[in-house]
Amino acid sequence: MSDLPRVTIWNEYRHERKDEPVARIYPEGMHAPIAKYLEAEGLTVRTATLDEPEHGLTEEVLAQTDVLTWWGHAAHQEVSDEIVDRVHQRVLDGMGLVVLHSGHFSKIFKKLMGTSCGLYWRSVGEKERIWVVNPAHPISEGVGDYFEIPHAEMYGEPFDIPEPDALVFVSWFPGGEIFRSGCCYYRGHGKVFYFRPGDQVYPIYHQREVLHVIKNAALWAAPSDGIDQRPDRTTIKGIQRPHPLEALS
Amino acid sequence: MSDLPRVTVWNEYRQEKTDEPVRQLYPEGMHAPIAKYLEAEGLSVRVATLDEPEHGLTEEVLSQTDVLTWWGHRFHGDVDDAIVERVHQRVLDGMGLIVLHSSHFSKIFKRLMGTFCGLYVRNVAEKERVWVVNPAHPIAAGLGDYFEIPHEEMYGEPFDIPPPDALVFVSWFAGGEVFRSGCCYHRGHGKVFYFRPGHETYPVYHQPEVLRVIKNAVLWAAPSDGIDQRPDRTTIKGVNRREPLEALS
Chain A
193 MSDLPRVTIW
203 NEYRHERKDE
213 PVARIYPEGM
223 HAPIAKYLEA
233 EGLTVRTATL
243 DEPEHGLTEE
253 VLAQTDVLTW
263 WGHAAHQEVS
273 DEIVDRVHQR
283 VLDGMGLVVL
293 HSGHFSKIFK
303 KLMGTSCGLY
313 WRSVGEKERI
323 WVVNPAHPIS
333 EGVGDYFEIP
343 HAEMYGEPFD
353 IPEPDALVFV
363 SWFPGGEIFR
373 SGCCYYRGHG
383 KVFYFRPGDQ
393 VYPIYHQREV
403 LHVIKNAALW
413 AAPSDGIDQR
423 PDRTTIKGIQ
433 RPHPLEALS
Chain B
2 MSDLPRVTVW
12 NEYRQEKTDE
22 PVRQLYPEGM
32 HAPIAKYLEA
42 EGLSVRVATL
52 DEPEHGLTEE
62 VLSQTDVLTW
72 WGHRFHGDVD
82 DAIVERVHQR
92 VLDGMGLIVL
102 HSSHFSKIFK
112 RLMGTFCGLY
122 VRNVAEKERV
132 WVVNPAHPIA
142 AGLGDYFEIP
152 HEEMYGEPFD
162 IPPPDALVFV
172 SWFAGGEVFR
182 SGCCYHRGHG
192 KVFYFRPGHE
202 TYPVYHQPEV
212 LRVIKNAVLW
222 AAPSDGIDQR
232 PDRTTIKGVN
242 RREPLEALS
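Protein chains in written order, with my numbering: chain A, 193 to 441; chain B, 2 to 250.
Any given hint might turn out to be false.
In the PhoX-like style, the derived pairs of lysine-lysine whose C-alpha atoms are separated by at most 25 Å in a straight line are [claimed, not checked]:
1) Lys238(B) - Lys111(B)
2) Lys302(A) - Lys108(B)
3) Lys18(B) - Lys37(B)
4) Lys128(B) - Lys429(A)
5) Lys303(A) - Lys238(B)
6) Lys303(A) - Lys429(A)
7) Lys108(B) - Lys299(A)
8) Lys108(B) - Lys303(A)
9) Lys37(B) - Lys299(A)
Stretch by stretch, here's where chain A covers chain B in the computed footprint (C-beta under 8 Å, at least three residues) [to be verified]:
10) 116-129
11) 157-165
12) 173-180
13) 186-199
14) 242-249
Keep in mind that the hints were calculated from the coordinates and are not lab data. Every residue gets a Cβ at the ideal spot worked out from N, C-alpha and C, and that includes glycine.
With the rest of the complex left out, here is chain B (with noise of 0.2 Å):
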């Protein structure tokens, strides 16, 4: 394994082939502009959509991915649940897991979660501030104070998170609202960060500003010591720790 993640974009891909203004923005799909930007910074990158076997998800191309990026919207409840128990195992092994704009609903976000995830929205193409509120953050790195986005879906508080163990990023509306728009969190040994711009709509995943935070992103959520496939993990079961550390009289 090099030093740079081996990355897999996961993309619902359906409205790229059905809604004519999203396939205008995407006509290779929402995953070809990421995987591309990855690509040329030097990482690994395959691609996986929902239509194919196993949503492209087989084992074989799990044990090969450091970090997952995720994009569904429409189409959460056609993922199977044995492929998410699977997704699920590995990030709990150590794989990191981007969660992009209206993944919040996807069923292996909520599995990490523990909660509904939910969150207010309004679709007027309106602007967004996104505001850095963790400058030291490493998925911070080159940003600045804020950057926008000229047009967006908006996203408002409350969103039916857990609170984050790191806040990065927070987002202004233009009519009035604020989200947590970067969250991270760590579950078992495995690194999760939720990023909130995305709509389809919109040409979000041309920005560069975008394609910098998923990049950090990706960089951040690499498994910080490979991934555990101890027999004994601690993900699996209870174990029974029999010889003590030290003598017991």
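If we strip away everything but chain A, and leave its shape as in the complex, we get (with noise of 0.2 Å):
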């Protein structure tokens, strides 16, 4: 394996296809502009989308996956119950996962929040200002103060997931309403990156520094001490520990 991270950028690939908007600014695909962007950056990337076989997240495709990016929308329910538990175990043996924008539904993000994800949103093209509160967070890294997306879905506050580990944007809207945008999680040996920009009607990933946040958060989600294969890890079960560390009298 190399120094950088080995990214799989998954996506549902139905809008593009069927909604002309979209197409025109997707036209191969929302996960087109990010796998070219992160190539360029020098890693290695695939793709997997909703109508391969398997989602294309077969165990041997996962096996080489060190970070997953996640956008889903309207077929949440699509994907099989099976390729998520394999996901999840995936992600708890230290595998990254990059969730983005309306993947806050997913049913991964949700098996592994445990909590419903739901938030207020209303899409009228307004502007967004994602302002760094961690700057000393990986994830920030060549952001500035902020950043604005001219024209995205507004996404606003309740949103119902675990106190972030770390919190690294919040958005800013004008009409009103602020959103935890960047959310850090750390999930057994794996960590989870939740960020908001992307509805699939603006070209929210041709943006720069969009791509650039994306880059930052698979450097940071790459595990740590590679992905635990122990077989007697405890993301399986509850083990006997029948000898102490010290002698007990």
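Quick one: dock chain against chain with the hints and give me the complex.
Following this line, the structure appears as structure tokens:
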């Protein structure tokens, strides 16, 4: 394995084939600009989509994936529970997961969070200003104090997620709402990052700052110490430790 | 509703009926000493057990429960998924949940955590010293620097839980292990506390310090602002906020 993580970009990839405005913005799918950017940055990238066999997330693909990014929207329910369990296990074993935008309602994100992950939203093309609230965090590297997305769907609080282990971005919207837009979690041996921007009707994944954050997140979420494959790893079950580390009298 | 929370003490309540050593320690069930202590402290208490209809957790019971305590061990798999969903929703709406000892593997705790909640275990009646690591926390009220449990089952790290939103206790074991024994979480509108002590073959729930912690935890976990029953609460679904709070040009 090289120093840079192997990334799999997962995309529902339905809007781009059915909705003309989305197809115009992303003729090769929303995964394409993300994959191209990360490849140009030197990462090993593959893509996977919902309508492939096993949603493109076979055991073999996951075994070669250090970080998975996830964009889904209208078809969360079509993701098979078996694949969700497979991804979940891989995250707990150490794989990074970057959940994008409407992926907040994906099965895998809800399973990892344990909450409903509901939020408020409005799609009128308003401006979003994304403030860095943790400038020391590697995911905000190179971003400056804030960046703007000219036209975005609004997401507003309350957002029903667990308290993030680190909060990196907070979005401001001209309609009056704010939103926790960059949230880090540690789950098992894996790292999870939720990143808000990315409604399909705006060219958000063509925007440089957004792509830069996704790259930062992929580097942050890469396994710190490889993927844990020990047969007695605690993500499976409780384990008898019959021999104390200190002698018991 | 009085100022003090209404508590439901839930217990699997099987080993007390089948295992003679457990029956001797807890002839009326492990829930009995907990319920009696909380009642003596002025709280409204009811008990519920696995073998009652709906495990004693009907809609009516939950609608009158501010904080639920949970002890299960061998029969987590017998808890009906529909009841788990009901309790989960109630927690996200604001009900407190105190998860005791072997319930780290209960369906409701795993559902709320999103991880496997595995750990290491050894049962040789060694000494446990429960250290207070957050003396400012209300759950540590009245405890001093630490308290001891003369004979306990050991639980050791790694413990596969999300990093707690607050860590109140860390246990030392004579055999050389440590364990995060008091873990606070905020989930939706609800508060969750995991408290480690309580193996069924030791008189742990007769010990005053342990009962005091459970009382402290119940008071902490009581809903801050009642139970959220708004029909548009975000624990159900995303909500379109068509009307911005500020006028959009």
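Consistency of the hints with the structure:
Distance restraint check for Lys238(B) and Lys111(B): the Cα-Cα separation of roughly 22 Å lies within the 25 Å cut-off, and the hinted pair is therefore satisfied. Under the criterion of a C-alpha separation no larger than 25 Å, the hint pairing Lys302(A) with Lys108(B) is consistent with the structure, at around 15 Å. Simply put, Lys18(B) and Lys37(B) have alpha-carbon atoms about 19 Å apart, close enough for the 25 Å limit, and the pair holds. For the given pair, Lys128(B) sits about 24 Å from Lys429(A) by alpha-carbon distance, which is consistent with the 25 Å threshold.
With a C-alpha separation of about 15 Å, the suggested pair Lys303(A) and Lys238(B) falls inside the 25 Å cut-off, and the hint holds. The straight-line distance between the Cα atoms of Lys303(A) and Lys429(A) is roughly 18 Å, inside the 25 Å bound, and the hint therefore holds. For the hint pairing Lys108(B) with Lys299(A), the CA-to-CA distance comes to about 17 Å; that is within 25 Å, so the pair holds. A C-alpha spacing of about 13 Å is found between Lys108(B) and Lys303(A), which places the hinted pair at or below 25 Å, so the restraint holds.
Between Lys37(B) and Lys299(A), the direct Cα distance comes to roughly 42 Å. Violation of the 25 Å bound is thereby established for this hinted pair. Closer than 8 Å: that is the beta-carbon criterion, and the region 116-129 of chain B has 9 residues meeting it against chain A, so the requirement of 3 holds. Coverage of the region 157-165 of chain B by chain A holds in this model, with 6 residues showing a Cβ closer than 8 Å to a Cβ of that chain against a need of three. Chain A is given as covering the region 173-180 of chain B, and this holds because 5 residues of the stretch bring a CB closer than 8 Å to a CB of that chain, at least three being needed.
For the region 186-199 of chain B, the assignment as covered by chain A holds, since 4 residues bring a beta-carbon within under 8 Å of that chain's beta-carbons and 3 suffice. With a cut-off of 8 Å between beta carbons, the region 242-249 of chain B has 6 residues touching chain A; three or more are needed, and the interface restraint holds.
The structure fails to meet hint 9 from the earlier list, while all remaining hints are met.
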